[in-house]
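Student: Each chain, written out:
2 protein chains.
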Amino acid sequence: MAKLYVVGIGPGGREHMTYKAVEVIKASDIIVGYTPYIEYLGDLVEGKKVFSTGMKGEIERCKVAIDMVKNGKDTAIISTGDAGLYGMAGPILELAEEIEVEIIPGITSAFSAAAELGSPIMHDYASISLSDLLTPWEVIEKRLENAAEADFVISIYNPRSKGRKDHLKKAVNIILNHRSGETPVGIVKNSGRAGTEITIATLDNIDYEKVDMISILIIGNSNSYIKDKRIITPRGYNIK
Amino acid sequence: MAKLYVVGIGPGGREHMTYKAVEVIKASDIIVGYTPYIEYLGDLVEGKKVFSTGMKGEIERCKVAIDMVKNGKDTAIISTGDAGLYGMAGPILELAEEIEVEIIPGITSAFSAAAELGSPIMHDYASISLSDLLTPWEVIEKRLENAAEADFVISIYNPRSKGRKDHLKKAVNIILNHRSGETPVGIVKNSGRAGTEITIATLDNIDYEKVDMISILIIGNSNSYIKDKRIITPRGYNIK
Chain Y
1318 MAKLYVVGIG PGGREHMTYK AVEVIKASDI IVGYTPYIEY LGDLVEGKKV
1368 FSTGMKGEIE RCKVAIDMVK NGKDTAIIST GDAGLYGMAG PILELAEEIE
1418 VEIIPGITSA FSAAAELGSP IMHDYASISL SDLLTPWEVI EKRLENAAEA
1468 DFVISIYNPR SKGRKDHLKK AVNIILNHRS GETPVGIVKN SGRAGTEITI
1518 ATLDNIDYEK VDMISILIIG NSNSYIKDKR IITPRGYNIK
Chain L
1318 MAKLYVVGIG PGGREHMTYK AVEVIKASDI IVGYTPYIEY LGDLVEGKKV
1368 FSTGMKGEIE RCKVAIDMVK NGKDTAIIST GDAGLYGMAG PILELAEEIE
1418 VEIIPGITSA FSAAAELGSP IMHDYASISL SDLLTPWEVI EKRLENAAEA
1468 DFVISIYNPR SKGRKDHLKK AVNIILNHRS GETPVGIVKN SGRAGTEITI
1518 ATLDNIDYEK VDMISILIIG NSNSYIKDKR IITPRGYNIK
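Chain order of the listed sequences is Y and L. What the first sequence shows, in the working numbering, is residues 1318 to 1557, in sequence order. What the second sequence shows, in the working numbering, is residues 1318 to 1557, in sequence order.
In short, the hints are calculated from the structure, not lab data. Misleading hints may appear alongside valid ones.
Where chains are identical, the list cannot tell them apart; a pair therefore holds if satisfied intra-copy or between any two copies.
For lysine-lysine, the following DSS-like pairs were computed, each having C-alpha atoms within a straight-line distance of at most 25 Å [as the list claims (entries may be wrong)]:
| no. | residue 1 | residue 2 |
| --- | --- | --- |
| 1 | Lys1544 | Lys1387 |
| 2 | Lys1380 | Lys1365 |
| 3 | Lys1546 | Lys1320 |
| 4 | Lys1380 | Lys1546 |
In this text the structure is predicted, and so the values were computed from the model without any measurement.
Sequences and hints are given; from them, build the entire structure.
Tutor: Next comes the structure, spelled out in structure tokens:
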């Protein structure tokens, strides 16, 4: 019986894919995904049937992938990062009936960016997407407020798009209610793939114009600090 | 010049390691790590010098690894999961002076467990460790309270040890102040490696005796539900 694999390919660079993700893509008859993500796969998809669509085609892609499995084809539907965080695993499982589905985990961009920035996460943390396409902005604000109050390290996905230029500034202002302006902020564009750009800033001096939808931010907790151009969040070990 | 690699090896199974992690371990002269984690590496460390210690030897291992690099040996210090979450990246960067350090990201157990459970994370989420060895319990309680109030999916690391049998029950009671007893809870022991045991429960019917330090819990948000023995958290797409 054919099977549907929901595959997190990691941030885009082949070196951060898992063996399982590569094996599953090689073994699948058909690859389904958002066009730019298919391009990250390069020669891995050579000779395979590919179905790709542009932005906002998520549900269409899910339905096509499920149909292909029902037609007897082993199919891999691709997410960047981890398919289970803001990815394709959820809608596939919501839609799938009577077919076998396996989810393959991948490196989500917060961990890719953290490795590039030093060790900014290290401790309890919260992940928040600033996209209000699917989530009311009031819910997002409430989560920012609570995460800041509890002193979580905060990773921010989808920080800024053309249609929502002000969300990130609003988010930072909420966090500033609970955290010093000196708090380190790491901003990584194209984390874990070609064209990586790393910026280390503080809550008080973020250059908002440089942040876009393919950036991820990691905001330190009250103990985070900058050393040798890296952000470190201590876990509490007695280091001496 | 020799280099120190801080390597997240993922949850333990070779298939969930990244190409970069395997490549770096193969290229290193010396491997440093907690004894059980070195065992996950199997033949990857054959022929290599290995320095391993037991629990609570974290800072000793970091110092040994740094010394080895200073003596000219390329060295890999191993964390399970991702080295930048409750792992070795932080203490290494706190201690390292005048040596080159590179952090290699890995699949953290929350994402491994999520893939095994269905799609329980999918949306904004918070990661909390219940270990109070390095973090005051009051801080942990505050984070649980805020995460529950903000309707984050919550992943719980280090849920229960022999010395802290009651932490998980206390944590669940805090979460129950804000979330229904029907909320799905996924419990995975040995996620992503040999001996995986998956349990799907609700906040009201967790079997606390079955949870141990090598378990991870994922607690759904107010929209999470169970379908075909999997936990699904919808992101908000109109699925019809």
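Student: When no copy is specified for Lys1544 and Lys1387, does a C-alpha distance of 25 Å or less occur within a copy, between copies, both, or neither?
Tutor: Answer is between: at 20 Å across copies they meet the 25 Å cutoff, but 54 Å inside does not.
Student: Within a copy, between copies, both or neither: where do Lys1546 and Lys1320 come within 25 Å Cα-Cα?
Tutor: Classified as between: cross-chain Cα gap 18 Å, same-chain 46 Å, threshold 25 Å.
Student: As a check of your reading, is Lys1380 near Lys1365 (CA-CA no more than 25 Å) within one copy, between copies, both or neither?
Tutor: within (19 Å within a copy, 49 Å between copies)
Student: If the cutoff is 25 Å on CA atoms, where do Lys1380 and Lys1546 land: within, between, both or neither? Let me know, please.
Tutor: between (45 Å within a copy, 21 Å between copies)
Of the numbered hints listed earlier, not one is contradicted by the structure.
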